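Visitor: For reference, the chains in residue letters:
Protein chains: 2
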Amino acid sequence: MPNRLSGVLAPVVTPFKRDLSPDAARYVGHCKWLLANGCRGLAVFGTNSEANSLSVDERMTLLETLVQGGVPAEKLMPGTGTCALTDSVRLTAHAVSLGCAGVLMLPPFYYKGVSDDGLFRSFAEVIERVADSRLRLYLYHIPPVSQVPITLALIERLLARYPGTVAGVKDSSGDWTNTKAMLDAFAKQGFDVFAGSEVFLLENMRNGGKGCITATGNINPAAINQVFERWQTSEADALQKGITATRNVMQKYPMMAALKAVIAHWGRDPEWATVRPPLVELAPEQKKSLVAELAARDFDMPGLGPTLAAALA
Amino acid sequence: MPNRLSGVLAPVVTPFKRDLSPDAARYVGHCKWLLANGCRGLAVFGTNSEANSLSVDERMTLLETLVQGGVPAEKLMPGTGTCALTDSVRLTAHAVSLGCAGVLMLPPFYYKGVSDDGLFRSFAEVIERVADSRLRLYLYHIPPVSQVPITLALIERLLARYPGTVAGVKDSSGDWTNTKAMLDAFAKQGFDVFAGSEVFLLENMRNGGKGCITATGNINPAAINQVFERWQTSEADALQKGITATRNVMQKYPMMAALKAVIAHWGRDPEWATVRPPLVELAPEQKKSLVAELAARDFDMPGLGPTLAAALA
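As you go down the protein sequences, you meet chains A and B in turn. Its first residue numbered 1013, the first sequence is counted upward by one per residue in my numbering. Its first residue numbered 1013, the second sequence is counted upward by one per residue in my numbering.
Be a bit skeptical, because a hint or two may be false.
One copy or any two copies: either way a pair holds, since identical chains are not told apart in the list.
25 Å max Cα-Cα, derived BS3-like pairs, lysine-lysine [what the hints assert, rightly or not]:
{"id": "1", "residue 1": "Lys1029", "residue 2": "Lys1124"}
{"id": "2", "residue 1": "Lys1200", "residue 2": "Lys1124"}
{"id": "3", "residue 1": "Lys1299", "residue 2": "Lys1124"}
Keep in mind the hints are simulated off the structure, nothing from the lab. Only a predicted model underlies this, so the values are computations on that prediction, with no experimental measurement involved.
With the hints as constraints, model all of the structure from the sequences given.
Guide: In structure tokens form, the structure reads like this:
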């Protein structure tokens, strides 16, 4: 069984061709660049991956492409939670069969105001149907988008029923108080808490967390990894300040389109900017000011252009 | 090409077996009962159908089962809007190929705060990719659940670009002011406005609307159809009062579980009560009080038991 993941994970942005079909070559290239530049794992098919704009078959094909392309399955934590029980089971079983380190699971997110009983039953049905002791399930708490929260009471029930299988959480609530409550309640039981943004990385590490799964891990993995590696040193606060400042630049723009615009610019590959509806690309003036703001901070993505070019060759 | 649908449409509840797989026989039986008892169309795979808890393949199989089972395709308006462009295209093309009267399309609903540009592009991509003049697309505005609204400005753009194809809307905002604004702006252009609840049926008809697509159409279609058929008569207000009162009983309970509990009770078929996670069945005391409240109103579903029994035979 793969070791538990820790450190900085990127919810890998999914490249599309101009016809909006997934672009396997650019995808493998970007994943390899991330692993070579500070990411210790790849939370593919996350929110910032536009995963919810992909069909189940598209996700499965891309995941197989990654593994066949040389991205180690033990570095992968694919998102497998969907609205439909049968889809979540299919994606999760597939990820486990490929040897992925874990899966990051959204609750079913169409119906709102559902009970903890119903959510417990959802996760339990997936676990029981996948029926594989290799499964490591990370709960995905992102109420600003899913609108369906994962409460402390639900985590407690799932941990009690499925210890070992329920492995942790990504907390994208944006609310440190909530992350801290998860850490205080469950971290000592081997429940791995990942902050949903590097803004909370240092605090998360100081309170028993395992790292962060963060959108900007797609573009700034080396600097974020520095905070992870040096969190116990005297440099930690200064390093944290730096990555928070870069994050604050990115947050002025629509995140997914901005990430892709940055990769397109620093990778010298305009096609990377393509997003699938309902998203739209940055307007030219947005792109210009984003690049200028990052350049002013000496931002760089060293080696990205050659890595992408090699993947496309 | 089928005639445009009007009148009372039910978002048909989807029966599940005890193992949570879709139950084709009960499904066909219920659809036939609805068409024989006041529904002029069936908005299968709506919110109250638990459609978002079904995979794309499950939906396609069920739709084929209905048509093969003798439910006329020209009565069907399946829901085909999903989070993923490719899924929405696949479901829509499939529905058109079967001869369905129309499709009811949710916007992609995972990503929140998306722009009208992005939503326009989403619907436009589906229409362009399906590329079939038989397509009649009804927009599904249900912000309390989808959290992604369909604005008047978006409708105006879509109608201007795809006249004839963009055929109407179901307004489940629960806000009559919004329904009225849609009627005033677009009804005269052949844009068919369906209220999302029978509570607004009479007002909708008096202002140029075409009917309603309503959860409680699953259990009370005959009475709701009376309001549709007699909306220009002196009885209309009294009839409306009656169906609103029944609706108000139902709204005290979780709607989908309550609809299934009512069918299970009046159809004498306990298995009908099954819901898929993340929903949960009514608690026994909820079911008891719901049945008592409806019985006190002389509620009935005449012929349901025999119709279901015949379907299962």
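Visitor: Would you mind marking each hint as holding or not holding in the structure?
Guide: Hints, one by one, checked against the model:
1. Lys1029 to Lys1124: Result: close only across copies, 24 Å inter versus 34 Å intra.
2. Lys1200 to Lys1124: Close neither inside one copy (31 Å) nor across copies (35 Å); limit 25 Å.
3. Lys1299 to Lys1124: between (35 Å within a copy, 21 Å between copies)
Against the hints set out earlier in the document, a violation occurs for number 2 only.
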